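Chains as they are written, first to last, in this note's numbering: chain P, 566 to 1059; chain B, 495 to 589.
Source of the hints: derived by calculation from the structure; they are not laboratory data.
Careful: at least some of the hints might be erroneous.
Claimed, not checked - Have a look at the derived ranges for each label pair, beta carbon to beta carbon: (1) B:R567 to P:R599: 34 to 44 Å; (2) P:L852 to B:E560: 48 to 58 Å; (3) P:Q659 to B:P585: 21 to 31 Å; (4) B:L588 to P:D619: 47 to 57 Å.
Quick caveat, the model's predicted, so the values are computed rather than measured.
Every residue, glycine too, gets a C-beta built ideally from N, C-alpha and C.
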Amino acid sequence: MTNKTLVQISKDLAAGEYSSREITQDIIADIKARDSIYNSFISVSEDLALTQADAADARFAAGTHAMLTGVPFAHKDLFCTKGHATTAASKMLQDFVPPYESTVGQRLLSAGAVCVGKTNMDEFAMGSSNESSFFGAVKNPWDLNAVPGGSSGGSAAAVAAGLVPAATGTDTGGSIRQPASFCNLTGIKPTYGRVSRFGIIAYASSLDQAGPMCQTAHDAAIMLNAMAGFDVQDSTSVQQDTPDFTADLNLPLHGLKVGLPKEFFGPGLNPQVAECIMAAVKEIEGLGAQIIDISLPNLELSIPAYYVIAPSEASSNLSRFDGVRYGYRCDQPTDLMDLYCRTRSEGFGTEVKRRIMVGTYALSEGYYDAYYVKAQRIRRLIKDDFARALSQVDVIMGPVAPTPAFDLGSNTKDPVAMYLEDIYTLSANMAGIPAMSTPAGFVNGRPVGLHIMGNYFAEAKLLNIAHQYQQITDWHLQTPTSNGMPVSNTEKGA
Amino acid sequence: MALENADIEKIAILARLQVSNSETSDYANSISSILSLMDQMQQVDTDGVEPLSNPHDATQRLRKDEVTCDDQREAFIAIAPASADGLYLVPKVLD
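Using the sequences and the hints given, assemble the complete structure.
So this is what it looks like as structure tokens:
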């Protein structure tokens, strides 16, 4: 069953090639057999999945099935799943079983999709390499010495390894796009507010956005159709009509104006990655697009501004973990202060504690204006840069990350070096615009993703471009083998 | 801006964290280098630029003050690490 696209599985189910229970059982058996190599799953929800699969098979029998009915997928372990442990890859929530389902999870369940388990991630989504998980690092299926990217690294590795056809992710500063790039997947971060945050454990609420990670743009569009939509339970959910994200996939790209920001091609960019990106841009030019040089002058400031705003919001959001209402609680607390301090020190990992302290400092008396308010002013400069650029061009392209996947352990000692890896992804979250990664080549066997960014609510346009690019290239069809070298997979394709 | 061990201890208390002696210097070093990174922001003139807190400049959506969901008290108290008689338990606050 591995490496079939979501579209293919959907067709097979509708044609009665196999039942949802059969593919669900096969996928769970495959995860149990192979995931010890990658560590991409934190838990498998076998009983719930089989119940959902049986319900899906009943819908096929009754003729009430839809595109996602019976199709297995995995959730990043940041999405609350009713009745099944949701850990945020933290000791703090190791035994937390949510009494409710996230809105995204509920929408996918209503569509008939089957959740087979919860994927590994950086603790509380704080990281760019999936090495900060309480449940251990995840390995990149393309090269077991490399990180899968983060924070949605388990979702990326699970799809890249062919364990599941699709997974959910969240992207606060690149956490869908960077692992998609590192693992040769199609991943999209929608416009801020397009997908409900309700029931997704919060990191930085003004930046967090959920989206799908899949093998193809077509699959991502189908997933996004189910995931997106206004939700009264998310106070920043936007009241916008949700289009059919598959409707524009086949539009020609003739006349498309593509901006290349010079700041995305500066000295920090690996020259081989630059070659892959320029070759991809050339292919898109060949489809009738016009390439235009542009500038996003404040790009570099997105790093310091992001690493003030995100930890500040995190320090506030994570104050809810107090050992009283849910989650971990220290043994034998002597008083309230002892309960709070020991619960939090024992429950959180090093990077989470570091970001809480950075945020606490930035929000503290005497520093609030110099750090937090300053960062918010720079955030507006970044938004204005995009507004100017997107008045000249339809979309912006560049690399997702300055390098292909780096080696496990190579950046763990120096948090600043790790933060600099996020240079190309942070600004889309700061501005709130949609952005995606689509496979665009390899450097020494490690995948490289093309970054496509667009205007607010232009997800269908981004998916259209990625789909058209995927019609003339076969990067997205390649799959890793055990030795990490790409091989063509003729079974795939939709 | 370089932080001393004493600064880390003060921030840890504000953040309701306990940092062991062996961790304090590591945090002082790493957070100091993060603050140097942040100091890049000070080179930019942002006078007259409105701070941006929501990407759409949206304001809080209000709703009518009415009951919209069932009481789920039991489901939520059931997942508490310590509770009795439907109440959360904490260490003694008053003598």
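Hints, verified against the model:
1. B:R567 to P:R599: 34 to 44 Å: Given range 34 to 44 Å: holds, Cβ gap about 43 Å.
2. P:L852 to B:E560: 48 to 58 Å: Given range 48 to 58 Å: holds, Cβ gap about 53 Å.
3. P:Q659 to B:P585: 21 to 31 Å: With Cβ atoms ~22 Å apart, the hint holds.
4. B:L588 to P:D619: 47 to 57 Å: Between B:L588 and P:D619, where Cβ atoms are some 54 Å apart, the hint holds.
Hint compliance for this structure: no hint is broken.
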